[in-house]
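Chains as they are written, first to last, in my numbering: chain A, 263 to 542; chain B, 326 to 674.
Don't read these hints as lab results, they were simulated from the structure. Any given hint could turn out to be false.
Claimed, not checked - Simulated crosslink set (EDC-like; lysine to aspartate or glutamate; CA at most 20 Å straight-line):
(1) K308/A to D484/B
(2) K379/A to E400/A
(3) K308/A to E565/B
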Amino acid sequence: MELAIRNLSCGYGKRRVVDSISLSINAGEVIGLLGANGCGKTTLIKTILGLLPFLGGEVLLEGKNIQYWTSAQIARVVGYIPQMHTPPFPFQVLDVVLMGRTAHIKPFASPSLKDVKIAEQALEMLDITYLRDRIYTEISGGERQLVLIARALTQEPKILIMDEPTASLDFGNQIKVLSHVKQLAGLNIAVLMSCHFPEHAFLYTNRVVLLNEGRILHSGTPDETITPERLKKLYGVDVDIITVKNRMNQELQVCVPSRSLAAEDKYYQSMERRNQYALA
Amino acid sequence: MEINNLHKSAGVIENRGAGWKIIILLFTLIFIFIFSFALGRYPVPPGQLLQVLASQIITMEPTWNVTVETVIFQVRLPRILAAILVGAALSTAGAAYQGMFKNPLVSPDILGASAGAGFGAALGIYFSFSMVGIQLMAFVGGLLAVGLTYGISIRIRHDPMLALVLSGVMIGSLFTAAISCIKYIADPYDKLPAITFWLMGSLASITSRDVYMVLIPIILGGLLLYLLRWRLNVLAMGEEEAQVLGINTRAMKTIVIICCTLMTAASVSISGLIGWVGLVIPHLARMIVGPNYQVLLPASILLGGAYLLLVDDLARLIASMEIPLGILTALIGVPFFLYLLLNSKWGWK
Numbered sequence: 263m264e265l266a267i268r269n270l271s272c273g274y275g276k277r278r279v280v281d282s283i284s285l286s287i288n289a290g291e292v293i294g295l296l297g298a299n300g301c302g303k304t305t306l307i308k309t310i311l312g313l314l315p316f317l318g319g320e321v322l323l324e325g326k327n328i329q330y331w332t333s334a335q336i337a338r339v340v341g342y343i344p345q346m347h348t349p350p351f352p353f354q355v356l357d358v359v360l361m362g363r364t365a366h367i368k369p370f371a372s373p374s375l376k377d378v379k380i381a382e383q384a385l386e387m388l389d390i391t392y393l394r395d396r397i398y399t400e401i402s403g404g405e406r407q408l409v410l411i412a413r414a415l416t417q418e419p420k421i422l423i424m425d426e427p428t429a430s431l432d433f434g435n436q437i438k439v440l441s442h443v444k445q446l447a448g449l450n451i452a453v454l455m456s457c458h459f460p461e462h463a464f465l466y467t468n469r470v471v472l473l474n475e476g477r478i479l480h481s482g483t484p485d486e487t488i489t490p491e492r493l494k495k496l497y498g499v500d501v502d503i504i505t506v507k508n509r510m511n512q513e514l515q516v517c518v519p520s521r522s523l524a525a526e527d528k529y530y531q532s533m534e535r536r537n538q539y540a541l542a
Numbered sequence: 326m327e328i329n330n331l332h333k334s335a336g337v338i339e340n341r342g343a344g345w346k347i348i349i350l351l352f353t354l355i356f357i358f359i360f361s362f363a364l365g366r367y368p369v370p371p372g373q374l375l376q377v378l379a380s381q382i383i384t385m386e387p388t389w390n391v392t393v394e395t396v397i398f399q400v401r402l403p404r405i406l407a408a409i410l411v412g413a414a415l416s417t418a419g420a421a422y423q424g425m426f427k428n429p430l431v432s433p434d435i436l437g438a439s440a441g442a443g444f445g446a447a448l449g450i451y452f453s454f455s456m457v458g459i460q461l462m463a464f465v466g467g468l469l470a471v472g473l474t475y476g477i478s479i480r481i482r483h484d485p486m487l488a489l490v491l492s493g494v495m496i497g498s499l500f501t502a503a504i505s506c507i508k509y510i511a512d513p514y515d516k517l518p519a520i521t522f523w524l525m526g527s528l529a530s531i532t533s534r535d536v537y538m539v540l541i542p543i544i545l546g547g548l549l550l551y552l553l554r555w556r557l558n559v560l561a562m563g564e565e566e567a568q569v570l571g572i573n574t575r576a577m578k579t580i581v582i583i584c585c586t587l588m589t590a591a592s593v594s595i596s597g598l599i600g601w602v603g604l605v606i607p608h609l610a611r612m613i614v615g616p617n618y619q620v621l622l623p624a625s626i627l628l629g630g631a632y633l634l635l636v637d638d639l640a641r642l643i644a645s646m647e648i649p650l651g652i653l654t655a656l657i658g659v660p661f662f663l664y665l666l667l668n669s670k671w672g673w674k
């Protein structure tokens, strides 16, 4: 067991956003956190990362309570990939990746050649060595996200936490970024990822946790956990889950709205045409 | 081990082509430094200047007037050193603050250091303190203002960086109002002009004692910032991200504020208010060597020193009377800054 969360409550000041949650994540596992905006996904993640104080319960990393760990201690075990963002200064990609080494180097020291090697290995692993000398603010959003994953890898973490890593990425970049997530689990890293599409949970996670108004609604494998009824409860919309086959004959689950406005438009259009014929 | 690491990381920087830029900046500063000795009302021919400078290192039969030595070492040397020190300190503090606040429009007086120092000095002049007394008052005033800003900001329970900037602006205005108050009640024939001239900034009456006085706080602050140069990079990514990457952001922020305040308050205490250096020079440095503090800090130090020295040379030479430094830094700095904005790649996004 790598990360165990026991009866954890978190929130801002006295306001509890997440109430007494328990879950555990093992090495090599990808866990998807699903829930509507404001259900407490980000609050939970920030608390695990030590950015927010605990309001109750505990977080155990390999059996040790991290509540009073320093940020450097946490950073040596937990890597974090934030949502896409643009920093105000045009750092070189290699420098951004090297920042992941900060927790491993002494306060007054700068990264050594060994750290540069580790950073280069991380770039290589994500197939983005060509970005090494580019300017971080000038590359595409998808590339930037891969750079942030590389940065998290240089922390040599046992746990990776991603907060909607594909938010505000285009369709192609979403798939490109997420396809690396399974690769990370292959490195024996436990991955906790909040997703904003249930489909992503089907595709890229081993287990999902449904978070509803600060409590766990259900958790388990994606196939048995994500159902139209629970999605209705989570997001307040009617959704059908359909199994389809891609061109490689692999089965995939997709979520589609139960009501298609496009189809209804077509229906109304044909009705209108029929009325026009009737009038003529 | 440590030295070995430093050497290796220095190698990393050189591979990326910034090393030679730093060396060029260093030679530019050295050139302006030597050149500045020859400038001024009392002419010193270049050949004689080199002889006099060389005589400090090797024994030489003096072929020059004793006055030349006095002018060079008693009058010009302290002033030249002060210009370099103040320029370097202000631009280093500006560079550090711009990263910490993730905002390229921030200058070293953002937390009220200059306004506080101005208040201290005005009070000192009002009570007819000695020169040293006025300088001490200015230094303490700067520390006090930033201390107040910091103390208030940590009691605000919102975005901590915004809280810091807001309290800084408030405290700054408060001390500016207090300065006006002292000016209003000061003797208009004697004290008022003194206060006004002090606030305009000048290095005209610098002595070597002044230089010694500010040497310690400026070098202390600058050295600490330089040691933390890698962490300044990480802090520029934003407070939350820096913490997640393993930095104790609260301690780091406090250290940066202490360093910048020591440097700014010490500078202002001997030079008066000199604007624009701390805002413009870090930009220029970033355009030349990029945003990485490993090279940005040395570049800011060298450029800041060279720039203020050059401006001070102009202040000495342009007119028959001294022109206040604060006026010149704005007159030169603003058009230059606008030119950079209009004609080159921005150093930030």
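Are the Cα atoms of K308/A and E565/B separated by 20 Å or less?
Holds, at roughly 9 Å.
Does E400/A sit within 20 Å of K379/A, going by the straight-line distance between their CA atoms?
violated, 23 Å
Taking 20 Å as the top limit, are the C-alpha atoms of K308/A and D484/B close enough?
Holds - the C-alpha atoms of D484/B and K308/A are around 15 Å apart, at most 20 Å.
Hint violations for this structure: number 2 only, all remaining hints satisfied.
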